[in-house]
Amino acid sequence: MLSFDITSKKNSTKVRAGILRTSCGEIQTPELAIVATDAQLRSLPNDVLKELPSRYFIVNTYHTYTKEIIPKIETAGGIHSYMQIPGRIIATDSGGFQVFSLGFGRKHNIGKLVQENIVNFNKSSMSSLGLTRRSTLKHFVMDSRSGSGMTRFKFDDSDNPIKITEKGVEFELDGKPNVLNPEISMDLQHTIGADIMMAFDECTSPLNSYEYTKKSMERTHRWLDRSIEAHQSFEEKQALFGIVQGGEYQDLREESARIVGSKEVPGFGIGGSFGDFHEALSTTVSWVTAILPPEKPRHLLGIGKIRDIFSAVQEGVDLFDCVIPTREARHRMLYTKKGRLYLRKLKHLDEPIEKNCACRACVEGVTMSQLWRWFLAHDLRASTYTTLHNIQFYADLMREIRESIENNTFSQRREYYYRYY
RNA sequence: CCAGGGGUGGCGGAGUGGCCAAUCGCAAUAGACUGUAAAUCUAUCGGGCUUGCCCUACGGGGGUUCGAAUCCCUCCCCCUGGA
Numbered sequence: 001m002l003s004f005d006i007t008s009k010k011n012s013t014k015v016r017a018g019i020l021r022t023s024c025g026e027i028q029t030p031e032l033a034i035v036a037t038d039a040q041l042r043s044l045p046n047d048v049l050k051e052l053p054s055r056y057f058i059v060n061t062y063h064t065y066t067k068e069i070i071p072k073i074e075t076a077g078g079i080h081s082y083m084q085i086p087g088r089i090i091a092t093d094s095g096g097f098q099v100f101s102l103g104f105g106r107k108h109n110i111g112k113l114v115q116e117n118i119v120n121f122n123k124s125s126m127s128s129l130g131l132t133r134r135s136t137l138k139h140f141v142m143d144s145r146s147g148s149g150m151t152r153f154k155f156d157d158s159d160n161p162i163k164i165t166e167k168g169v170e171f172e173l174d175g176k177p178n179v180l181n182p183e184i185s186m187d188l189q190h191t192i193g194a195d196i197m198m199a200f201d202e203c204t205s206p207l208n209s210y211e212y213t214k215k216s217m218e219r220t221h222r223w224l225d226r227s228i229e230a231h232q233s234f235e236e237k238q239a240l241f242g243i244v245q246g247g248e249y250q251d252l253r254e255e256s257a258r259i260v261g262s263k264e265v266p267g268f269g270i271g272g273s274f275g276d277f278h279e280a281l282s283t284t285v286s287w288v289t290a291i292l293p294p295e296k297p298r299h300l301l302g303i304g305k306i307r308d309i310f311s312a313v314q315e316g317v318d319l320f321d322c323v324i325p326t327r328e329a330r331h332r333m334l335y336t337k338k339g340r341l342y343l344r345k346l347k348h349l350d351e352p353i354e355k356n357c358a359c360r361a362c363v364e365g366v367t368m369s370q371l372w373r374w375f376l377a378h379d380l381r382a383s384t385y386t387t388l389h390n391i392q393f394y395a396d397l398m399r400e401i402r403e404s405i406e407n408n409t410f411s412q413r414r415e416y417y418y419r420y421y
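Quick note: the first sequence uses full-length UniProt numbering, first residue 1, plus one each step.
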């Protein structure tokens, strides 16, 4: 089972640090999970996992299911054995997010947040030719009343190649029909055997209308009841988190937080879309954390930009997961104390990425010019080392955040990082 | 010396009379990435500005043509055979 103790909390703010314990181990919070979609980290050999500074990982039910990895996990005796990280805490996502990312999100080329720069670009050059070049732009139309302001086009139905009904989700896999629903997701997640499981939910998009977001949220609440019900038939070793939805709408977010927060679950995910800007994310999170029971952990699903982490911790979030450290590493982006750096711009330097960094790349003295040569040669070592580095960076970042909460210097830490991020 | 093939933008390599400042790939440059569709994607990539046009460009020179990277002549260079 799971227990959560808040070890540091200032009365005047929602910021808190704590310890999350499961039968497998414990982590201090706030903490960010490294995403191991297929139960392994991209561009890292599996036996490197146990050397990582990260204590928390998240594995994806949809991908391990569709790629037929779950039987291998079962054979290995569970996800901890399969990944060879017995003492670490592992979560599984329910597969609900893939309904969005492979369905609506893919069709409309949209993520969990609408990017600010696209909106700005759009304002000034709506009628220029650039318009047709980006599919995202078709979702914006001129506000005819103001002439210059923008009105977002919203979808009233899911407009989704994946069929979502009360029963669950239907999709095609290798040309054959397939179904995912709360009961199946619980079953799969039990087989995987992570410490924390997520309820089966639907992640809505910033392009969904209020009406659709509400309809979807209410369905997600019913799916939560079914997830809880299905979970009860299994052994109580795994902790099931309920997921708050409601998009960017305050009344929906508050309603969802009340309903999900009232359920007999040991923790919560906060999912879905968060509107257009970073301020919107922080505001949306604050509506939710104001209502959720404070003694239980909150995991902000899929968020991990550094500014977003600080602002969410500020609002009382304990757990995160994000692909940014690993994905951007493969995309040649380095995270450092001086900001994000494109390796491309540093490729002539015969020196390691960062002094005083404990990652293998920096300890072994791998130079940035060497990394660049490996990238050009498509040598996997390049992304292996950059991935190790970015993971170390995020592990250090989260440790600094925890220490700053305990030392009462959280806002100074935040200001330091806001100078570069 | 003879025969055959070839010389195209930083590199590789299309194009064989107009739609060619020249497909495409690489490199370069700038950017993106938030419960992984992603070791991916987007944009720029001869020069100038009043962004539509002008200039310079497909080895050098000359010619044919309204028009040439593309056809002809000539020179230079490279590759493959043969003396």
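Bear in mind the hints are in silico, worked out from the structure with no lab data behind them.
A hint or two may mislead.
[To be verified] Calculated pairs, PhoX-like style, for lysine-lysine (alpha carbon to alpha carbon, straight line, at most 20 Å): (1) 72 with 107; (2) 163 with 176; (3) 154 with 72; (4) 10 with 296; (5) 237 with 163; (6) 154 with 215; (7) 347 with 305; (8) 338 with 355.
Since the structure is predicted, the reported quantities are computational estimates derived from the model, not experimental observations.
Any hints this thing doesn't respect? Which numbers, in order?
1, 3, 5, 7
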